[in-house]
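Those sequence lines, one after another, are chains S and A. Its first residue numbered 1, the first sequence is counted upward by one per residue in my numbering. Its first residue numbered 1, the second sequence is counted upward by one per residue in my numbering.
Because the hints were derived from the structure by calculation, they are not lab data. Everything numeric in this text was worked out from a predicted model, so none of it was measured. Any given hint might turn out to be false.
Said to hold, decoys possible - 20 Å max Cα-Cα, derived EDC-like pairs, lysine to aspartate or glutamate: (1) A:Lys80 x S:Glu79; (2) S:Lys16 x A:Asp37; (3) A:Lys2 x A:Asp146; (4) S:Lys25 x A:Asp78; (5) A:Lys141 x S:Asp124; (6) S:Lys109 x S:Asp124; (7) S:Lys17 x A:Asp25; (8) S:Lys58 x A:Glu134; (9) S:Lys17 x A:Asp37; (10) S:Lys25 x A:Glu39; (11) S:Lys25 x A:Asp97; (12) S:Lys16 x A:Glu39; (13) S:Lys74 x A:Asp78; (14) A:Lys64 x A:Glu74; (15) S:Lys91 x S:Asp110; (16) A:Lys44 x A:Asp67; (17) A:Lys141 x S:Glu39; (18) A:Lys2 x A:Asp78; (19) S:Lys42 x A:Asp146.
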Amino acid sequence: MPTSTVFTLIKQLLTKKATNPFPVKYTPGNMHAAASLIESGKLSINPPVDIPPNFRGKLSYDVESCIGCKLCLKVCPSEALAFKPDEKKVKHYVSRCTFCGQCVNICPKDCFVLTDEFLMAGLDNYSDELVLNP
Amino acid sequence: MKLTKTFDKALWVFHVNSGSCNGCDIEIVAALTPRYDVERFGIKLVGSPRHADVLLFTGPVTRKMKDRVLRVIEQTPDPKVVMVVGNCGSTTGVFYDSYAIDGPIDTLLPEGTPIVYVTGCPTRPENLINGVKEAWLFLEKLRGDDK
């Protein structure tokens, strides 16, 4: 008997799910096995939800063009930057950063660029990936 | 207690706000919404640390919250994983020179507690799921299933 309930049910079965299945739909049986499959390209991961415009992600630091003026150190609200006096360059700790983008605005040489990268998690908050120009 | 394979498939999570600005808390709630839906991984937010396997800490630890944080950690049964969400909890972030802060959280935890740091200010819900992935990898290594 085709009632409105049946129509709604069929409609809901056919519509796309609201869930974005990042990175895989369900928990893999073994995460290490799944990680090696992803590395070899046998298993593809679903991309994350699109990031909004002007998203402030992890910083990228251009070591070559930095002149060591220390302006970024002055504006940083969370001491995420440290000066290396012998090199006259700065060191950036991503795990201390608040992603305010003030160093990007003040840098006269545009050494800092806010990238779209945001997948940063691990057992060490000062790992090599989370310290720029270590 | 022996770690079983079913342990990682149903991680029950308890959320502690230890002085957070509510940014990371919102992202944790967003991860539970149908858009991201962490319940498909068996992750469930519970109301008591006695039911939890994973503790989610957000925010630098304020002086008033320090004793409560320690108490919550003691109440959680072993084996447990601590997840520090956001940069405040992991390094105290913008509150690094505040007189009201006793953090970061890793200085208060007992020796050898496994901690997963989810970096971001605030993190995106995908990054939280990424942090859970790191926790799974850690638990598998603990069980000896990392082949």
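Here is what the structure says about each hint:
For the suggested pair Lys80 of chain A and Glu79 of chain S, the alpha carbons sit about 32 Å apart, so the restraint of at most 20 Å is broken. Restraint check: the Cα-Cα separation between Lys16 of chain S and Asp37 of chain A comes to about 15 Å, which is no more than 20 Å; the hinted pair holds. For the suggested pair Lys2 of chain A and Asp146 of chain A, the alpha carbons sit about 16 Å apart, so the restraint of at most 20 Å is met. About 28 Å separates the Cα atoms of Lys25 of chain S and Asp78 of chain A, which puts this hinted pair outside 20 Å; it is violated.
Using a Cα cut-off of 20 Å, the hinted pair Lys141 of chain A and Asp124 of chain S holds, with the two alpha carbons roughly 16 Å apart. At roughly 31 Å between alpha-carbon atoms, Lys109 of chain S and Asp124 of chain S are farther apart than 20 Å, so this suggested pair is violated. Our distance criterion of 20 Å between C-alpha atoms is broken by Lys17 of chain S and Asp25 of chain A, whose separation comes to about 25 Å. For the given pair, Lys58 of chain S sits about 19 Å from Glu134 of chain A by alpha-carbon distance, which is consistent with the 20 Å threshold.
Of the pairs offered as hints, the one joining Lys17 of chain S and Asp37 of chain A holds, with about 11 Å between alpha carbons and a cut-off of 20 Å not exceeded. Our distance criterion of 20 Å between C-alpha atoms is met by Lys25 of chain S and Glu39 of chain A, whose separation comes to about 11 Å. A threshold of 20 Å between alpha carbons decides the hint, and for Lys25 of chain S with Asp97 of chain A the separation of about 42 Å lies outside it, so the pair is violated. For the hint pairing Lys16 of chain S with Glu39 of chain A, the CA-to-CA distance comes to about 18 Å; that is within 20 Å, so the pair holds.
Taking the CA atoms of Lys74 of chain S and Asp78 of chain A, the gap is about 44 Å. The hint is violated against a cut of 20 Å. Between the alpha carbons of Lys64 of chain A and Glu74 of chain A the distance comes to roughly 17 Å, so the proposed pair stays at or under 20 Å and holds. Our distance criterion of 20 Å between C-alpha atoms is met by Lys91 of chain S and Asp110 of chain S, whose separation comes to about 15 Å. A C-alpha spacing of about 25 Å is found between Lys44 of chain A and Asp67 of chain A, which places the hinted pair above 20 Å, so the restraint is violated.
Of the supplied pair hints, the one linking Lys141 of chain A and Glu39 of chain S holds, its CA atoms being roughly 18 Å apart against a limit of 20 Å. Of the pairs offered as hints, the one joining Lys2 of chain A and Asp78 of chain A holds, with about 10 Å between alpha carbons and a cut-off of 20 Å not exceeded. Of the supplied pair hints, the one linking Lys42 of chain S and Asp146 of chain A holds, its CA atoms being roughly 19 Å apart against a limit of 20 Å.
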